[in-house]
Amino acid sequence: MDVDRPEVALNVTKAKGHGSRLTKAMSVGVKMESKGIEPPHKKMKAKMSTPSTVPDSVSTGSISGSQERMCNKDGYVIDVVKKRLEYIMKDLPMNPDNCWSRSFIPTTTLWCSIQNNIWNVPDDEFAVALQAIFHVVYPDVKYRVNTSSSVFSLASQRVSEWHSGIGSTALIMMIDFFSQLDDDADIRTTADYLKSEYRFLREDPDSLEPAGMFRSVFLLELLTRTHLVVASSDFVKISGWDLLAVAGGNNGAGVVALAEAALERAINFIANRTIDVEKVLAEWASSANSKNKIKLPKVVNPLTGRGSSALYQFSTTHWSSDTTAYKESLLRRGADFIQGTFAATQAIKKPQSPPDGDNPAGASGAHNPHACLCKIKHFVLVSWLSRC
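Numbering (our numbering), first residue to last: 1287 to 1674.
Honestly, the hints are just simulated from the structure, not real lab data. Don't take every hint at face value.
[What the hints assert, rightly or not] Label pairs and their in silico Cβ distance ranges:
1. P1588 to S1446: 21 to 31 Å
2. T1602 to M1375: 18 to 28 Å
3. D1492 to S1434: 51 to 61 Å
[Said to hold, decoys possible] With a cut-off of at most 20 Å between alpha-carbon atoms, the simulated SDA-like pairs for lysine to any residue come out as follows:
4. K1581 to N1554
5. K1579 to L1597
6. K1523 to V1414
7. K1581 to T1560
8. K1376 to E1354
9. K1581 to E1550
10. K1376 to S1434
11. K1584 to H1604
12. K1428 to E1354
13. K1376 to M1356
14. K1428 to N1358
15. K1581 to E1564
16. K1376 to V1445
The C-beta atom is built at its ideal place from N, Cα and C for all residues, glycine as well.
Based on the sequences and whatever the hints tell you, model everything.
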């Protein structure tokens, strides 16, 4: 199927709200937890003290802890000046706590998920959004967010990790799926078949009917393990932002498109043997580390002699245009279709095993792509979903 690219703009609606939902953990080493909703923790107002050498217009304060922060004469925390990638958690204007990871970052991620370009949000707009979130999560800390501040830099890093995390989750999901194939099933042949005509995104991989597009079990499971984890977090209410609706999928074309691009990347890697499923499984089996990691190939730079896996990363450089194409195709199907995709993720239920006498592959057991996929649909997919 060709992915069409019409000129369609996404109208973003911001709002307020809160939501909670339990999700499941990956069975092959990706562990994601959702938290129950609690009111955001409040930070104590900074207490002023005298440093050893500070300009007349500057004072220091301890913010909900022993670590002192430099403040100007109006009581606003003065940021440590560093390069964007050099900031660490200790540089934040408040002492790092659970509010940052449990409330601030999920709220930020939900806001980013409905922006026109989910890969590249304009810096100025992002800074304004972060300021609004900071006021709510840390109401007693005076601080101004700008594009060179610690909050901006560290939040940007976390959003980037959110992007790459969706890519990694998609890859591990597909490796887990292909690991369930029968010994006589060819992984590459099956991957090629799923890749053809975008079958990996179809509700029924054997059917090319348009109605089943963007309804595959792979897509729904990936959204469940990524978006719904954020949607069930302790995100905060921001005046004018209906984040409860966003958590439920309102204006969610961007995040669905991102998940679709991540799945395409995963299928491509397995089909062209960029990732060898059997080799990865062997490495996991022999590893003492409980966290299953996937080593991407590296390309050596002839000028520096150093190897880099950047070419294979799930990044804006390589996947922004594909994400845009998927988003435009989704928008053509309308808001109800997109909302229905998120509703379908909430309706996923563990399937029942087929009858013992069922033999969808046919009596001949021929090893062709269609027979392979019949096995997937009736046995492997059922087994895989029941383990998820």
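Verification of the supplied hints:
{"no.": "1", "hint": "P1588 to S1446: 21 to 31 Å", "result": "holds (28 Å)"}
{"no.": "2", "hint": "T1602 to M1375: 18 to 28 Å", "result": "holds (25 Å)"}
{"no.": "3", "hint": "D1492 to S1434: 51 to 61 Å", "result": "holds (53 Å)"}
{"no.": "4", "hint": "K1581 to N1554", "result": "holds (16 Å)"}
{"no.": "5", "hint": "K1579 to L1597", "result": "holds (18 Å)"}
{"no.": "6", "hint": "K1523 to V1414", "result": "holds (16 Å)"}
{"no.": "7", "hint": "K1581 to T1560", "result": "holds (10 Å)"}
{"no.": "8", "hint": "K1376 to E1354", "result": "holds (11 Å)"}
{"no.": "9", "hint": "K1581 to E1550", "result": "holds (18 Å)"}
{"no.": "10", "hint": "K1376 to S1434", "result": "holds (16 Å)"}
{"no.": "11", "hint": "K1584 to H1604", "result": "holds (15 Å)"}
{"no.": "12", "hint": "K1428 to E1354", "result": "holds (14 Å)"}
{"no.": "13", "hint": "K1376 to M1356", "result": "holds (13 Å)"}
{"no.": "14", "hint": "K1428 to N1358", "result": "holds (10 Å)"}
{"no.": "15", "hint": "K1581 to E1564", "result": "holds (13 Å)"}
{"no.": "16", "hint": "K1376 to V1445", "result": "holds (19 Å)"}
In terms of the numbered hints stated before, the structure departs from none.
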